[in-house]
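Protein chains in written order, with our numbering: chain A, 1 to 270; chain B, 271 to 539.
These aren't lab readings, by the way, just hints derived from the structure by calculation.
Where is the CB? At the ideal position from N, CA and C, for every residue including glycine.
A portion of the hints provided could be inaccurate.
Here are the in silico distance ranges between beta carbons for each label pair [claimed, not checked]:
#1 B/451 to A/255: 35 to 45 Å
#2 A/264 to B/434: 13 to 23 Å
#3 B/434 to A/30: 17 to 27 Å
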Amino acid sequence: MAWTSVISTVRADDQGKIRERVYAVVLGGGLIFIGAVAWQLAVMAGAVDEFLTSSPVLVIEGVVKQIVSGELLVNIGISGLEFIVAFAVASVFGISLGLLMGRLRYVKYAIEPYVWLLYSSPVIALFPLIVLIFGLGAPSVVFIAIMLAIVPLIVNAMQGVDNVDPGLIKVVESFGGNELQLLRKVVLPASFPTIMAGVRLGMGRAVVGVVVGELFAGQGGIGYSIDKYASELNTTQVFSSVLIVIVAGLVLNFIARALERASSGWRTDL
Amino acid sequence: MRTPKRKDAGAPLTTSRAGSQESAVKVLTGCISIVVVLVAWQVSASSGLVDASYTSSPLEIVKAAAELVTSGELAQNLPTTLFEFSIGYALAVVIGVPLGMLMGWRLRVRQVFEPLLYALYVTPSLALFPIFVLVWGIGTTSKIAIVFVDVLATVVINAMAGVQETDARTLRMAHAFGAGQMAQFWKIIAPSAMPTTVAGLRLGVGRGVITVIVAELYGGVVGLGVMISAYGSSFNVPPLIVLALLAGLFGLIVGSLLRRIERSVFRWE
Chain A
1 MAWTSVISTV RADDQGKIRE RVYAVVLGGG LIFIGAVAWQ LAVMAGAVDE
51 FLTSSPVLVI EGVVKQIVSG ELLVNIGISG LEFIVAFAVA SVFGISLGLL
101 MGRLRYVKYA IEPYVWLLYS SPVIALFPLI VLIFGLGAPS VVFIAIMLAI
151 VPLIVNAMQG VDNVDPGLIK VVESFGGNEL QLLRKVVLPA SFPTIMAGVR
201 LGMGRAVVGV VVGELFAGQG GIGYSIDKYA SELNTTQVFS SVLIVIVAGL
251 VLNFIARALE RASSGWRTDL
Chain B
271 MRTPKRKDAG APLTTSRAGS QESAVKVLTG CISIVVVLVA WQVSASSGLV
321 DASYTSSPLE IVKAAAELVT SGELAQNLPT TLFEFSIGYA LAVVIGVPLG
371 MLMGWRLRVR QVFEPLLYAL YVTPSLALFP IFVLVWGIGT TSKIAIVFVD
421 VLATVVINAM AGVQETDART LRMAHAFGAG QMAQFWKIIA PSAMPTTVAG
471 LRLGVGRGVI TVIVAELYGG VVGLGVMISA YGSSFNVPPL IVLALLAGLF
521 GLIVGSLLRR IERSVFRWE
């Protein structure tokens, strides 16, 4: 292949990339925009009942109202704190347990059944019991979120250790390295990307735990306000709160992906 | 890295025996661990070491399970939950698989639906349930809708990923040999997307079961979640645990069934 043709393909690729990005924004944003306009028009034409379905303009007004009144800040503070505590506890316990299970197969075989049971059972169904033990409000919500978030953290840390090159482990062992050195020099660096993938999944499940936990057992926060407004039949504020949850979900997912990408970039340097 | 190779030289002869031995150790350890926990739970509850009104005990849970079955209460509620789950799940599969494959195959289609789908995927879908209740009430329809929404995102994303994993060279070869778009889709893209798509269906079962029960817990007339809510508000713990375990086991069993099907169908992978 001649140099000129290589250069020209690169340029065409660049142009194509820009064009594709424009297409993505126009097409994807277009569907959402058309949907919102159709919704607004249906309400204005009286085809649907505004009390029942609200409207995009009202929903945006609702969000603005929540910002101005400071309600949003308070809710994000409460939910955010619950999220951070739950996620931190789940990370510390989940990753340590996963590493332990990856290193000691008897521990793994003994604990694995419970991990899968926790994964497939609706933890939230036990909320009456959880509320009975921890009381209504943040502690119960945090507990629910921990139980949801911990599963992928355990499983990924375990798999990360499983996938470490056994040759490397043998080298450290035969040169007299102890378990702590093995962990710091080989196991952690090699399993880091897998663990970070678990962190991303765990973040997602912690969000679910906080929002849904608040729906049932909360005394404040975004999920709680969805439930509160729904019981007041305030459709507009329910939609506004759900919109806030969606935005929060997108932001957290963006952060989690950036973290994951940074960690796998770091791995290639290894 | 020559050492592992040398070690592996004699390995093939022993791997199958070592493998089955290992899985026996695994099952045995798992069983012992379950028995130990159950016994410890029972002893601590009946000796009064922990308050059994909070934690219940394995024997009480078995008793409660038998009662739920013999009283016909389970038979009264289970069909509704199963119905809501199956309809919502089936709708999500029927719409989600073609949509996901189309999104993987055609860039423009993907660009249209991706942002919406992505927003749905990162949002805890149960947050939408209060809206569905406002629109459709606390009956069956709102549960079918929430299961549909919850399962749809998982199914679509996996079907899409499956199509995108299709080997580009195989496609180019088919194109070079004059295969039309339809032939390319049915002969190459759809089959190679199958394993990932079916994995999505399996993940969807677990999510859907949890969703239908939590939705019933939030508001419903009949169903497992409604039973859980009733026993919960009267602090009757044993049946509460029975029902939560039942839901977990259902997800676990259907999930492992689908995994087995996956393995036998896609053995050539």
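Status of each hint after checking the structure:
1. In this structure, residue 451 of chain B and residue 255 of chain A meet the distance hint of 35 to 45 Å, their C-beta atoms being roughly 40 Å apart.
2. Checked against the hint of 13 to 23 Å, the C-beta distance between residue 264 of chain A and residue 434 of chain B comes to roughly 19 Å, which is consistent with it.
3. Restraint check, residue 434 of chain B to residue 30 of chain A: a C-beta distance of roughly 22 Å satisfies the suggested window 17 to 27 Å.
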